[in-house]
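A.B. asks: Each chain is listed here by its residues.
Number of protein chains: 4
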Amino acid sequence: MLGVCDRGTGRAVSGAIPVCIIGASGYTGGELLRLLAMHPNAEVVIATSREYAGKPIGYVHFNLRGFYKGLRFSPLNIDEITDKCEAVFLAVPHGASLELVPKLYETGLKILDLSADFRLKNPEEYKRWYGREHPYPDLLEKAVYGLPELHRDEIRNARLVAVPGCNATAAIFAAAPVVKEKLVDLDHLVIDVKVGSSEAGSKPSPGDHHPERENAIRPYSAEGHRHVAEVEQELGMLAGRDVRVAFVPHAVSAIRGALATLHAWLADGADEMKVWRAYAAMYGKEPFVRIVRTGLLRYPDPKYVIGTNFVDVGFAVEKRIGRMAGFAAIDNLVRGAAGQAVQSFNIMMGFDETLGLLYPPLKPA
Amino acid sequence: MLGVCDRGTGRAVSGAIPVCIIGASGYTGGELLRLLAMHPNAEVVIATSREYAGKPIGYVHFNLRGFYKGLRFSPLNIDEITDKCEAVFLAVPHGASLELVPKLYETGLKILDLSADFRLKNPEEYKRWYGREHPYPDLLEKAVYGLPELHRDEIRNARLVAVPGCNATAAIFAAAPVVKEKLVDLDHLVIDVKVGSSEAGSKPSPGDHHPERENAIRPYSAEGHRHVAEVEQELGMLAGRDVRVAFVPHAVSAIRGALATLHAWLADGADEMKVWRAYAAMYGKEPFVRIVRTGLLRYPDPKYVIGTNFVDVGFAVEKRIGRMAGFAAIDNLVRGAAGQAVQSFNIMMGFDETLGLLYPPLKPA
Amino acid sequence: MLGVCDRGTGRAVSGAIPVCIIGASGYTGGELLRLLAMHPNAEVVIATSREYAGKPIGYVHFNLRGFYKGLRFSPLNIDEITDKCEAVFLAVPHGASLELVPKLYETGLKILDLSADFRLKNPEEYKRWYGREHPYPDLLEKAVYGLPELHRDEIRNARLVAVPGCNATAAIFAAAPVVKEKLVDLDHLVIDVKVGSSEAGSKPSPGDHHPERENAIRPYSAEGHRHVAEVEQELGMLAGRDVRVAFVPHAVSAIRGALATLHAWLADGADEMKVWRAYAAMYGKEPFVRIVRTGLLRYPDPKYVIGTNFVDVGFAVEKRIGRMAGFAAIDNLVRGAAGQAVQSFNIMMGFDETLGLLYPPLKPA
Amino acid sequence: MLGVCDRGTGRAVSGAIPVCIIGASGYTGGELLRLLAMHPNAEVVIATSREYAGKPIGYVHFNLRGFYKGLRFSPLNIDEITDKCEAVFLAVPHGASLELVPKLYETGLKILDLSADFRLKNPEEYKRWYGREHPYPDLLEKAVYGLPELHRDEIRNARLVAVPGCNATAAIFAAAPVVKEKLVDLDHLVIDVKVGSSEAGSKPSPGDHHPERENAIRPYSAEGHRHVAEVEQELGMLAGRDVRVAFVPHAVSAIRGALATLHAWLADGADEMKVWRAYAAMYGKEPFVRIVRTGLLRYPDPKYVIGTNFVDVGFAVEKRIGRMAGFAAIDNLVRGAAGQAVQSFNIMMGFDETLGLLYPPLKPA
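Chains as they are written, first to last, in UniProt numbering: chain A, 1 to 365; chain B, 1 to 365; chain C, 1 to 365; chain D, 1 to 365.
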């Protein structure tokens, strides 16, 4: 990490992959800048922002004062990106990627799209949840859902990775092992998510105004949050059948962090040991997944993964009534966005998957 | 409310019921003192505290500086209580009421017990959840579960009211209407609760130390929280059959507030209109229950009932997969403890049920 | 407080003063609505809002659901106000009162202006701080600075009360006793203020976006906050000479609350006893001021006045280097705005000054 | 940072300095473990804890699950430390170092003491502030005050570094440039500090119980905080004369972060340009100090240095009345404790001063 302050010169350093971040002034863009500042094999050479074009990075991202001294936000210029970069991260609002990705795809760049535009494989599902025909169904097919623990091999060969949503990431991690092993009743899956305020992005809004957002315990999108589509897609693939999920996200009082709580009924023959084995089988060797079972804290809490790409998972089984709860805790901006994107980037580039990402979270945080 | 500062003289003012608070230095005790300072027909004449006996009320309850000028915490003295008071509130740890209530009951005092000791009607259930035989099963029988919206008539004639737990109160309010009307599949009920830090009381502990508790999104007691027993008892009564609930509470980052989210599958024939009618039928005329459907915020958030006895309820129905979510938001220290106790006290005394309790919450808070 | 839910019918109830709130949908307006809902002698009959005209009160003020059932926001109509009301509260942005107050003043209504427009007595000071000539210097003269503990008699006879700013209120309360008694070096006064996010109002902004505002410890307006003008005016009057104040406000992480810390050097002959006497002389008999000296918490913290009109004051003297600190803690929306306005309203109307305002704060809050 | 998970084997890796942390289970100890996990040239081989001896690191430090897999907390054993380590960090309560440091010093180990026990050079000052004679005045003389920006050369040759307190660090950074250049009236210096809850350590206490600590704006130690002694010592050295400081810390609502606000009057001839030059002269080339002047945020806020060793400094000059404010923002656990210790460790070892410490803070955080 030595010398990180000297980086960000606006040109590729020797041996580093030159990359571009489109939409670099928001929270996800800022998080990509933060993570890539610590990445030994990547160098951000273009960071676009419509609003702040011409300003230094630290003008907006106060945390990055002193970093990226040679770089300023610039307007979007696809020719320049094609010319200078090997990979591009899109940290743009949903819908904007629909226009940009096809153009970028043609140029042969590796693309990591953090929007929702290319996450669903099935164009009909896209239409159901987003209310319009997907204009590029062929690209839907080529895109890989960028959850490395489920799609590592496809990511390796992908040119377009659709980075999962934060709520979806937490939900899938909580449920995947027991859904895959069919240890639970797949017809009565509930996933209740609690998430911090940074999820909604950097643009002020009445619901995220501090006096309204702080102390909130506020359900939202209680009957059709769009991340459900991703969750059902991925869990369905694991189960080998259609899966429907009762899903309610809640805005709670934290800046970062998302916890997914799976509530499920045990299938016949399932018990605590089998549940444990399912989690261990899926996550035991994953460098970024930590199974929480012991210690002073028995279940995952996103508080203890803040700032990192870790996913803490855990579970509880209540024998009395044959049910279980599964938990997954993430930092919504890292594992739920920028970190997961860098992890996929590492895989696409043939790097060690953990490059630039394997440092400990803060505590207390 | 005029002249409230002149109150708290340690003797009954004309026309007011003299009451005692046992365990007055904790959060629940403090909240009883706060609420009763505004009550036109009650006067706290004894406030016991082992730790702070001899100290003025404001020594501990900084909010009450200037109030209760003539009153100091005193050691517990049942004779004095019997002599001076007509009603007694027990704000003591679970287990302590088991010793005190029988003695107090004999004296003929009206008793409002805020502990868990007399909430369960079935001694076997008590044994299952609390790990020992209940020593006074006859008192269990006489005790009334102090949730006025469900047991108003019994409370009117009760001498012993067992005030519900905070998580249980929120859970029951969220689920009661649809359980009673059997609009949901009673075999797959999930209740996911999120609650603030004051729930755990005023005694410092590692888990509630500010650096650990702030920003937490932390599941706890995920496979056997004791409030489940109360919830299943009350929902079972409403349904006229055994009901089991998958229940997980989560510590979230707020001081006050609890939100219960019911996740359920619609029964055959149930739809949004029927769900709405069930809530309206049960709560439409209740002075403390507000059904949230319109406005800038579509679902309940405990943030907007803070400091009061209100319960905000609401729901969402997802037709796509035949499910619903039900919500109830409370202030855990008021509706989840002291306020609900005062509401029951009003009923027991034949007062208007809302006496001293009907003032608006804060916003923002 | 009984029956408060029946209030807010849009017409004056017998014996109550009909009042209007101009700008009723913001935080200060909402707080006026909350406080007046508990006021036995006042009735809000008009609540104006440009943005929400036609909507029920609870549409915006979620805390007030169930209250003011007969009232809706309405557009501003001065004739109607004149016709129906005896007093009017202006909870409008600074500058807007400059246009409204002169018109309202003509009609003979009692006016409580919560903006900054009429707080300064000296038109030159107004020009210096607000950058333009005051268009109504005669009204500046007639306006009374609505800090009852300093201007009670003038308020009694006023038709126009300029309610102090929240930071200024806290600052003046912290410093007034020792400035008046000249116990401190008047040439080196420092007032350092810490304040919660609701101070900035209900309109979303980048600086008050939850992810940016939460956890902030952020100085602002460090060299010319406009409240300095009020503070210097009032302290100057008390001292009988010009007083200049080094003043820096800081945004800290709370929704409500403001603490002013006066840092000062003791004048010759001043000592702890004299400082104590100065506070006691000025505040000892004030119903809303509590001098904090004993108990588990030795200094004021706004946390324990939240929701109320109380001011907790205190101080510390460091003999070693002949200095002192003075503290005043308020709820910025109540004592720093709406509550102080109602207190002045009570005085103007000849009511008991504490009417509708004397109830205990929350703890914990 | 690659391979960090493989570290913590309990033995020195090739080329790394083996170090010990005494008192490794508290917040400061945990922060040392976190930082040293990222340090390329150091390896923690012993981590002592009385309470958790035998437990794995992640049992207590949930953030470090997956790290330090080969290491467990162990009881204190000075022989073993001497045998295995080259440097030792003491993260023990004040007073405990008085016993340990002399023993460790004899062994020739490099010592970084994070307690207050060896910070004051003058034994009389120690007695004044700590109420007893210092038992090792000779070690006071040998100890170097570990603020690298002021004492870099002495640290290079030190065997005992006394790491500054968090409030003191922030205070000194805010004031040092203008005190050194005598741009302010040295007889009227005020430093007002605001600090998060982690400052008080990991041990639960009534004042840091979440419901009491959250939302607090609470002055404490308002007339004799012990960090004043350090601040006056260091500012006095810079000024070449005795300096006294009016100092009040305030507990505000954040977990991490401390902001010091210097309030001062300008000396004759001082102006904004000279103040700016003083800050630039002292900090312009420091790798960990960032001078904040431009961008969307004009003054330092500890929020934007969280998790790092950075100090953000800034100032404001109010010409009208010849005053200034100076600001320094730090993470109290990093720059106010563990990070500053590692920075000094780097200097003592002849490493690049920034080793393991130069990564960007989080935003939002």
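Source of the hints: derived by calculation from the structure; they are not laboratory data. Incorrect hints may have been included.
What the hints assert, rightly or not - A few chain A residues that face chain B, going by a derived Cβ cut-off under 10 angstroms, partial list only:
| no. | residue |
| --- | --- |
| 1 | 72 |
| 2 | 131 |
| 3 | 133 |
| 4 | 154 |
| 5 | 188 |
| 6 | 254 |
All C-beta atoms in this analysis are idealised placements derived from N, C-alpha and C, irrespective of residue type, glycine included.
A.B. asks: Decide, hint by hint, whether the structure agrees.
C.D. replies: Results for each hint:
1. 72: At about 33 angstroms, which exceeds the 10 angstroms cut-off, the nearest Cβ of chain B leaves the hint on residue 72 of chain A violated.
2. 131: At about 14 angstroms, which exceeds the 10 angstroms cut-off, the nearest Cβ of chain B leaves the hint on residue 131 of chain A violated.
3. 133: violated (20 angstroms)
4. 154: violated (28 angstroms)
5. 188: It holds, given that the least Cβ distance between residue 188 of chain A and chain B is near 5 angstroms, below 10 angstroms.
6. 254: holds (4 angstroms)
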